[in-house]
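Protein chains: 2
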Amino acid sequence: MSEGNDKTKPTLIVNEGIEQPHTLNTESINQYRKKKIVRLNEPDYYIDGILAGDITILSKAITLIESSLSKHRETGQKVIDGCIGHSGNSLRIGITGVPGVGKSSFIETFGTYLTKNGNKVAVLAIDPSSQISGGSILGDKTRMEELSRNEMAFIRPSPSAGSLGGVARKTRETIILCEAAGFNIIIIETVGVGQSEIAVHSMVDFFLLLMLAGAGDELQGIKRGIMEMADMIAINKADGENIHKAKMAKVEYSNALHLYAPSESGWFPKVVTCSARTSAGLSDIWKLIKDFETLTRQNKFFELRRREQAKYWMYETLIESLKSEFFNDEKIKVLLPNFEKMVTNNNLSSFKAAAELIKVYKGE
Amino acid sequence: MSEGNDKTKPTLIVNEGIEQPHTLNTESINQYRKKKIVRLNEPDYYIDGILAGDITILSKAITLIESSLSKHRETGQKVIDGCIGHSGNSLRIGITGVPGVGKSSFIETFGTYLTKNGNKVAVLAIDPSSQISGGSILGDKTRMEELSRNEMAFIRPSPSAGSLGGVARKTRETIILCEAAGFNIIIIETVGVGQSEIAVHSMVDFFLLLMLAGAGDELQGIKRGIMEMADMIAINKADGENIHKAKMAKVEYSNALHLYAPSESGWFPKVVTCSARTSAGLSDIWKLIKDFETLTRQNKFFELRRREQAKYWMYETLIESLKSEFFNDEKIKVLLPNFEKMVTNNNLSSFKAAAELIKVYKGE
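As you go down the protein sequences, you meet chains A and B in turn.
Letter by letter, the first sequence follows residues 1 to 364 in our numbering.
Letter by letter, the second sequence follows residues 1 to 364 in our numbering.
Just so you know, these hints were derived from the structure itself, not from any lab.
Careful, some of the hints might be misleading.
If several chains are the same, the list does not tell them apart, and a pair holds so long as it fits within one copy or across any two.
DMTMM-like cross-link-like pairs, simulated, lysine to aspartate or glutamate; straight-line CA separation at most 20 Å [unchecked claim]:
| hint | residue 1 | residue 2 |
| --- | --- | --- |
| 1 | K362 | E325 |
| 2 | K323 | D48 |
| 3 | K341 | E303 |
| 4 | K245 | E320 |
| 5 | K78 | E356 |
| 6 | K331 | D44 |
| 7 | K250 | E303 |
| 8 | K71 | E364 |
| 9 | K78 | D44 |
Sequences are here, hints too, so could you generate the full structure?
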């Protein structure tokens with residue numbers, strides 16, 4: 001049974017140092033504690049642990065990345081630097097679909113199927129709403145009970161603090177650590193209703209959209225842009241009396257996809273039916289994903305997309321940093337509310353306001 | 001006939017000063033020329049002219065805003081400052097639809113209808129592709145021949161240089177000048193295929209989507225997000241044998257719109273049929289737009305949206321400025337290609353690269 005894939009496990013880092021010496025000698029406790037703390041600030045502690053496949057340490061390193069303390073994040077960045085040379089050896093799969101489509105059950109069943117075939121599977125999530133709703137998509141581990149107990153799997157809920165940009169960046173960094181820890185399949189789950197799909201699409205090799213039969217895409221709240229990004233549409237819950245409807249939906253979506261321009265990848269998006277309950281269709285899905293990988297590795301699109309994604313993330317991070325430094329500037333924080341007021345009252349043009357604020361920021 | 005709404009008119013600003021004295025006395029020519037040039041750098045020259053409704057001067061002021069010379073743009077900003085207090089008294093209408101839907105003919109006929117009812121109509125455009133195709137949507141004036149000769153109308157093609165952000169900002173600024181010049185209806189045209197709709201939506205009060213009967217929205221290339229923004233869908237070319245098909249399409253789109261959540265404006269999007277050729281439906285469209293204005297002015301949504309838009313543009317301009325200063329920094333320009341290379345070759349993480357570049361930029 002896996003020990004490390006639960007960040008809610010009540011093992012506090014500093015307490016570990018207290019439990020182990022089993023002595024009341026205060027000096028020795030303090031020395032051990034100090035040594036332990038020093039060790040916990042050393043990037044090598046995490047890098048070595050991650051490269052050895054220790055998922056307790058992997059979990060702790062992700063916590064550093066997600067921390068709001070800059071000291072932790074600095075250590076986290078050094079851990080990423082040490083891991084990046086060992087990353088990249090995985091297939092990254094994005095999975096989306098509206099609430100109720102059965103994403104968690106699908107990932108539970110599909111993930112278990114993959115581990116049975118010898119794969120190590122990490123499941124991550126991007127859910128920027130988690131900070132509002134107070135819980136992430138994967139916050140409730142009971143929804144993936146079997147997979148969360150599986151030694152070949154690692155489940156990590158969505159980072160919960162910050163903007164979509166910040167949440168996505170943390171997940172992007174977590175991918176690097178998981179790959180360095182030996183996970184060869186990374187599944188990134190998101191909810192199919194907004195901008196977060198674009199963020200997920202910018203970090204995966206293959207994008208899978210889960211749908212239900214018997215509901216128009218309008219009813220399912222799926223935006224057309226998301227359908228256009230899909231490398232595969234899987235119509236879930238194709239079991240029992242639902243099988244016929246699912247087959248009809250398959251034809252319908254196949255026709256709809258024909259209206260789109262072909263993808264640069266050379267891959268024509270597939271539509272399949274499946275059932276997380278009966279496991280029907282799962283092996284077909286995996287076979288098609290492998291076909292996609294073979295095709296795009298051969299025609300070099302796989303590598304090309306990864307390179308483009310790395311570049312994209314460099315620019316995204318740059319722009320996020322520029323914005324963050326500006327809006328956290330003390331002078332700007334003081335002035336901004338007044339400028340906003342003048343602009344909304346039409347006493348100052350939006351452009352003049354921006355120009356003045358930039359001047360102040362630059363100390364001119 | 002309007003003199004000023006054609007920026008391709010071969011009247012060079014400095015030449016005007018030469019033509020008028022009708023004398024060969026070089027000294028007097030030079031003095032006149034000098035005086036004229038000084039005048040052309042004075043914001044008041046433009047502000048006075050615009051407030052007097054002189055559309056030749058309005059045209060020249062827009063050229064300053066669009067100029068690539070910072071001296072011109074500085075004068076342009078001062079002109080905007082002088083005009084902003086006189087702006088805002090118009091109804092701003094965004095019109096979109098894919099090529100072939102008949103946008104130009106619609107605006108020609110609808111604009112002419114509006115001027116006959118005593119309105120002064122300015123037609124602007126946002127077409128970021130114009131820099132690629134070499135011509136803007138409205139570049140070919142012959143497409144709006146009648147309206148371009150109409151004294152109550154002013155047609156200005158899309159600014160052609162720069163990113164969508166830059167093109168949109170210039171159009172946003174041009175709205176202020178047109179309003180100060182007394183135009184009470186501003187029509188902003190864009191092509192219904194991408195991000196430019198979002199930019200237009202962020203600067204108009206009412207958003208009109210033109211569609212054709214007999215083609216699915218997939219075939220028309222309209223993204224669902226654009227349909228969601230529409231306050232009205234007008235099915236164009238509802239004439240002759242096409243009338244029946246157009247009526248059927250009207251029912252279809254009405255049903256589709258019912259699936260969306262109601263808008264904050266309290267307005268339920270309308271679907272109508274019209275014909276730019278026969279003018280059928282134009283008075284209904286105008287009546288509905290006025291209904292929208294009445295409703296949203298009463299429930300304060302009109303004012304609220306304008307305030308939100310002004311704020312949005314302040315932040316957009318701030319972020320554009322931060323990006324532009326960073327990417328035009330000499331040190332960054334030298335380093336960026338190498339960093340990009342290291343990142344795409346997976347020798348450096350996207351995040352480390354961004355952090356290093358920010359350090360260099362800040363001189364740390």
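Status of each hint after checking the structure:
1. K362 - E325: both (12 Å within a copy, 11 Å between copies)
2. K323 - D48: So K323 and D48 fail the 20 Å test inside a copy (34 Å) and across (38 Å) alike.
3. K341 - E303: between (48 Å within a copy, 14 Å between copies)
4. K245 - E320: neither (45 Å within a copy, 49 Å between copies)
5. K78 - E356: between (38 Å within a copy, 13 Å between copies)
6. K331 - D44: Neither: 39 Å inside a chain and 33 Å across chains, both beyond 20 Å.
7. K250 - E303: Classified as neither; 31 Å inside a copy, 46 Å across copies.
8. K71 - E364: Answer is between: at 18 Å across copies they meet the 20 Å cutoff, but 32 Å inside does not.
9. K78 - D44: within (9 Å within a copy, 57 Å between copies)
Checked against the numbered hints above, the structure violates hints 2, 4, 6, 7; every other hint is satisfied.
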